[in-house]
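Here are the chains, one letter per residue:
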Amino acid sequence: MFYREAGQFKTTYEADGQILPIRQDRIALLATLTLAVLVLPFVATPYLLSAILIPFLIFALAALGLNILTGYAGQLSLGTAAFMAVGAFASWNFVYRFPGLPILVAFVLGGLCAAMVGIAFGLPSLRIRGFYLAASTLATQFFVVWCLTKIPALTGGSASGVITAQKIVILGYAFDTPQRKYVLVLLIVALMALLAKNMVRSNVGRSWMAVRDMDVAAEVIGIRLMRTKLLAFAVSSFYCGVAGALYAFAYLGTVEPEAYSLDLSFRILFMIIIGGVGSILGSFLGAAFIVLLPVGLNIVAHGLGLPTSVASNLELMVFGALIIFFLIVEPHGLARLWQIGKEKLRLWPFPH
Amino acid sequence: MTFKSLVLGAVLAASGATALAQQFVALPSYRVGPYASGGAGFYGGIIDYFNLVNANGGVNGVKVTWEECETEYNPSRGVECYERLKTSQGGATLVEPLSTGIAYGILDRIPQDKIPMTMLGYGRSDAANGKVFPYVFPLISSYWSQAAAMVKYLADKNGGSLKGKKIVHLYHDSAFGKEPLPVLEALAQQQGFELVKIPVAPPGSEQQAQWLQIRQARPDHVILWGWGVMNSVAIKTAQRNGFPREKILGVWWAGSEEDTVPSGDAAKGYTAMSFNTPGNYPVLDNIRQTVYGAGKGNLADKGRIGSVYHMRGVTAGILFVEAMRAAQEKFGKGKPVTGEQLRWGLENLNIDAARQKAIGAVNMFPTVKTSCEDHEGSGAVKVQQWDGKKWVAITPNWIVGDRALVKRLVDESSTKYAAEKKLTPACLK
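These protein sequence lines map, in sequence, to chains Y and F.
In terms of the UniProt record's numbering, the first sequence is residues 1 to 352.
In terms of the UniProt record's numbering, the second sequence is residues 1 to 429.
Treat the hints as calculated values from the structure; they're not laboratory data.
For glycine and all other residues, C-beta sits at the position ideal for the given N, C-alpha and C.
Where hints are given, some of them may not hold.
Straight-line alpha carbon distances no greater than 25 angstroms define the calculated SDA-like cross-link-like pairs of lysine to any residue that follow [stated by the list, open to error]:
#	chain 1	residue 1	chain 2	residue 2
1	F	Lys114	Y	Tyr47
2	Y	Lys150	F	Ser205
3	F	Lys407	Y	Gly157
4	F	Lys407	Y	Thr164
5	F	Lys416	Y	Tyr47
Sample of chain Y residues with no beta-carbon within 10 angstroms of chain F, all distances over it, derived [said to hold, decoys possible]:
#	residue
6	Phe9
7	Ile19
8	Leu30
9	Thr34
10	Ala36
11	Val108
12	Lys197
13	Asp213
14	Tyr251
15	Gln339
16	Lys342
This is chain Y alone, in the form it adopts within the complex:
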């Protein structure tokens, strides 16, 4: 009932090719965005903004990057955190070495550096695929972190290898409060999500999906494998790089190799598996699940007054159990669950 499309006629090609074909979806998205941009910064507490929403958006962006590579182009990767690290360190270095460089330009350049590293480490994808490729992208993870700890020039010669991120100033306007940082991150993430959505609907996205489904067949119909796969690596790494830069500048405030560990790569992989592989919405849902659930469980355990050691262990157990439960109920992730829910709502109250 809520998704009844009766009366929504599409009379032009433009109307037919909209991102969200159902009017209710469009209204919902607009309402969410309005709420996020115009209401949340003013009513949400600094805690909610700086400790929950900012990391959620940043991880969603990283998950989006991985989803482009794994979900749409079918190339497994375990190097997400490494691409994020490249983005963060490159952005830091650009600002450090070229004072006066606009920070947004530094983010873009950081993303481009990550894209170049992505292309280099994506080269093996032309010969190997599946789990073997996952193992070779694992090399990115180790190589990048190794470089960052071994080459002092990359960390500005700091003795301990930990450097503090510069302040975010755009056109003389300092983004130093949780509200301002949140708005900046939100705008960047929303823009890039829109770009990604359009990319996967265009011929680029279709060729990625063709490669994902069967690369031999894709080659037969004239898709250039090398270009397509490397483009997927480049775009995906660009997204991860920007996410890494935001993670360092807008969230942690420090840039250190250890923050971009293999553990983070795995967490982003879990985000897209739980959220939904091959879905833009899934990246956001997955990030929300992985970021918010432990915090929520922690608060609940606290509210119940459990001893902290029990609460901490219980949190991990419940979190693990929920992941298993969700994947058994819906192996295609939360995005698919939402899609099924939408279909049911369309038919409601009739079963079919």
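Chain Y is fixed; fit chain F onto it per the hints.
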């Protein structure tokens, strides 16, 4: 919580008497994950001491309250915890994350929020300069002071000079392991010993190659700057390679029961640094009696009272409470102090032998006297040895390394930081 206390609480809250004198401390702790054993012992010690103080009427009548938040030692979750705790219960007035990563993550936020942060025995050594880092306190001893003291101890052991000797710095290849390098390199040049730097990739569960290298280098001493699983692996690998454990000197994060017990006999004779003197103290007996006697102890295993991490936690608790006392002396007794006032208290600590005696902790930790120039307050450490069953202090006196050198490095590094951040170094009132 019983029904009676609930009702009482509700009545108090309703009658507007919420201004129950309370001093809130934020504890972003970790009790799961790779460093859980350290976290449980350390935070257990802090909480045990707070419970003891509260059982005896609090700090001039002000109860110490605290709240924990699980960080799993993960900087990202640590920042979340800090943001959550800082406004909890009317606002945190102190934070101790016991993690370099988390400390770095919140370093820029604490001056804005006006919440002092302590870093007991870790973190940025240059934060000892209170003119640049007014809200950061690497109390008792920083890594640089420790490294200087290590070299002093080794020199004393070799008849006062290390000239021509060879020392291996076997370190955790991270910010933590690299932190002492400026001090060790400066001292190597100054005193004429050879420094061989050998990194171990974290977490350090495989060290065969490194110890082969050490055997070939035939050093006079090995400094083990390790952490977590790396320590027991190092001790066991040293045994397998026939390297005498007496020649290994661990950093204080490599000197707890958790590091030596898993190594079994291999650890016998191993030495490590500490800023506590192992043993028993009246304050620990009080904790056993008053806190554990009332069933309010924080450690699941009573036998761990007085273990290295627990004692470190108790020491932290003592320092926090003494800072509250100092702040109350200035800003009014019997009232909770704000974060800014507590910062003053931490900057004006003076825990001499007499004060230690009153607490029941004579010689449990070095005397601490802080100031704006010196947020560390001591820099003195001890060397302890594992006798197969427990840690024993083998240096009767507190060792202090080359303070002038450390001070120079602190000034250089903090000035550079201030320039990067465009800060004007100054003492706060």
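(message) I'd like to know which numbered hints this structure contradicts. Please list them from smallest to largest.
(response) Numbers 5 and 14 - these are the hints that the structure violates, sorted from lowest upward.
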